[in-house]
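Engineer: Spelled out from the first residue to the last, the chains are:
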Amino acid sequence: MADEIAIGIDLGTSYSCVSILENGKPGVIPNEWGERTHASVVSFLDDGTVLVGNSAKRNIITNADNTVYSAKRLIGRFYFSDEVKKAQAVMPYKIVEGENNSVRIQIRDAVFSLPEISALVLKEMKAIVENYLGHEVKKAVVTVPAYFNDNQRQATKDAGRIAGLEVLRILNEPTAAALAYGFGKDITQRIAVYDLGGGTFDISVLEIGKDVFEVLSTAGDTYLGGDDFDDRIMTWLAEDFLKRTGIDLRLNKYCLQMLKEAAERAKIDVGRDGIAKVKIEGICQDPTGKVMDLEATLQEAEFNKMTMDLVQRTFKVCDEALQSARMTASDLDAVILVGGPTRLPIIRTSVKHYFQKDVMTGIDPDEVVAMGASIQANSLLDAKGEHYLLDVTPLTLRVGTVGGYTDKIIDKNTPIPIERSKSYTTNRDGQEKVKIRVYQGESNKAAECELLGEFEFSGFRIAYRGEVRIEVTFEIDTNGIVNVTATDVETGQKTTCTIRLSSGLTEEMIKAAQAKNAATTLARGAEAA
Amino acid sequence: MALAQIMDELDYFQILKVGQGATPNEIKAAYYRESRMYHPDRFHTMGGGELKDALSRIYKRINEAYVCLRDDVRRNKYVADVNGPERAKKLRFVEASEQELKKDKEQEVGTTPQGRKFFMAGLTDQAAQRFAAAERNFKMALTYEPGNVNYKAKAAEVAKLVKSSDGLK
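Chains as they are written, first to last, in our numbering: chain Z, 1 to 529; chain G, 1001 to 1169.
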């Protein structure tokens, strides 16, 4: 089918980007205004209109309560997690608890799950390509941070389905970047991909050849990104203002948004020009009602001082990845930088210093991931087998044991797909069910790992205790998603398995969300202007 | 299909089609070769069904084989396993669980504080070639843990050394 096309989508914390393969070359598709990256922001207007992208971002201040940004920081997380608590303190939109410890966003009277919000961003990406091509697209590869756990991957996949896309693959962002870098080059190299995005940090070490891209190790921090650099500038601005005026701007969510916007701009300016002048007119009023402005000048040295510890944190993660790959920095042939914040001179010089080599130039850190995704999308479509991605699972898969401990099932950095079986027996006479808790993480204590879900098996023979042997198979598929099945060893009967992913969406919920998404019209083109 | 059926009777070297003496580079090359053949991306457009399932099972086993054979520690243990009497049972490498490892370690150095103390002292003596002292310490350790195989083995080992060093004098 000549018309069949699959798109590559980089669904970022702050910005998203979409690409397709045309005439054998990946290209980023701009929207109607020529914008190549799009803010991952969804704004719900009073008249029912929904805006996505850079036009929605402009509403963060004017329509703060009804504009959702950085949804990726919350996707696949539990309501009780620290990240959600932190977001509740700073986000102007309302974060509420859904069933089974899930996170929901409340916009006026409507409640949205995180995959539904992300689905609106994906719908916009889909629309950009459809507008460009003039026909519908149905298939996509969507990227995620390599360090995303199963819950986060599953939720991202759900988002794609809700947006009416068949998700061919959930692809790791650094792997996508490496693919875009090595595609069609016929080189044999060992490379590191240093990917600092808006909200997450990943490092992957790969060995790339003509047609095989092998990930040797990956490590990351899903709580570290460009947003944290903005936060530092915000704190600096707010504290300076507090000292001079006695007013704490952070107490007001409206002021906080203005600060955040100014901080992001200051970060970009200081990275580009070495100095940033910040001016927010009319940020607040003093007790007498006088309107006040905020003015400040940020020097590069000052900025570097306040963010150095964040940069150092990324190198701790790099140490870990190199160690897992059994390499030192000197074994690498090249280092690729991915993500907007890697444009900052402090990152570039530190990376150069850490890896003892110049970073690759000529790679656009904002677009390379989407381009890699489109290459992979195309490759899955025609299945010609021109290249193979040999990726790994970033986290150790574990099962809960007695006393709040866990036992390893599949090690981190194991190539996927992979499976491993484990035998269980019943421990009561007439037992009808076996419950298994599955975790991901690097600690043997359950409390320090992420719970993926509780799997309950029933339908096997009822017998005396210890008589029934159940073989449970844990599989991690090519998307990095965990599947669990169980078999009664003696009868060979596959037992039914109820998966209760504590915060996941059920099949019915996805169906309902699909209908809701399809019924939502995004204001595009002239409407959105 | 045929391969998927007999897969459970093959060891990892046979899965990757290499000899037991293969170098790390040969193992990697074999892994790449088999990946080109069985990687699921090649069969992505295949609708599903038994053949696709079989191919997927084969590739998962290829990954499993590679994980084991690329690591020297695992590979050595695996080679010993598949060349041993229980080959049929040990074709798939099973990592000792963390608890088992802890148990092994305890078995090695002892489960009682006194036993451990004398055992460690014995090891120090042995390293310093004070075999008679080492023998006394291992025997003391054994009085605390008479069932510890490792203590017994050590005691027997140094007892031999004591004899041979006597002979030299």
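Quick caveat, the hints were computed from the structure, so don't treat them as lab data. If you're wondering where the values come from, they're calculated on a predicted model, not measured in any experiment. Treat the hints with care, as some may be off.
Stated by the list, open to error - Below, in silico cross-link-like pairs of lysine-lysine (DSS-like), each with a Cα-Cα straight-line distance of 30 Å or less:
1. G:Lys1028 <-> Z:Lys384
2. Z:Lys422 <-> G:Lys1028
3. Z:Lys357 <-> Z:Lys157
4. Z:Lys85 <-> Z:Lys422
5. Z:Lys253 <-> Z:Lys86
6. G:Lys1090 <-> Z:Lys408
7. G:Lys1160 <-> Z:Lys412
8. Z:Lys94 <-> Z:Lys384
9. Z:Lys412 <-> G:Lys1117
Engineer: Next, verify each hint and record whether it holds.
Structural biologist: Here is what the structure says about each hint:
| no. | hint | verdict |
| --- | --- | --- |
| 1 | G:Lys1028 <-> Z:Lys384 | holds (23 Å) |
| 2 | Z:Lys422 <-> G:Lys1028 | holds (28 Å) |
| 3 | Z:Lys357 <-> Z:Lys157 | violated (37 Å) |
| 4 | Z:Lys85 <-> Z:Lys422 | violated (36 Å) |
| 5 | Z:Lys253 <-> Z:Lys86 | holds (14 Å) |
| 6 | G:Lys1090 <-> Z:Lys408 | holds (19 Å) |
| 7 | G:Lys1160 <-> Z:Lys412 | violated (45 Å) |
| 8 | Z:Lys94 <-> Z:Lys384 | violated (47 Å) |
| 9 | Z:Lys412 <-> G:Lys1117 | violated (36 Å) |
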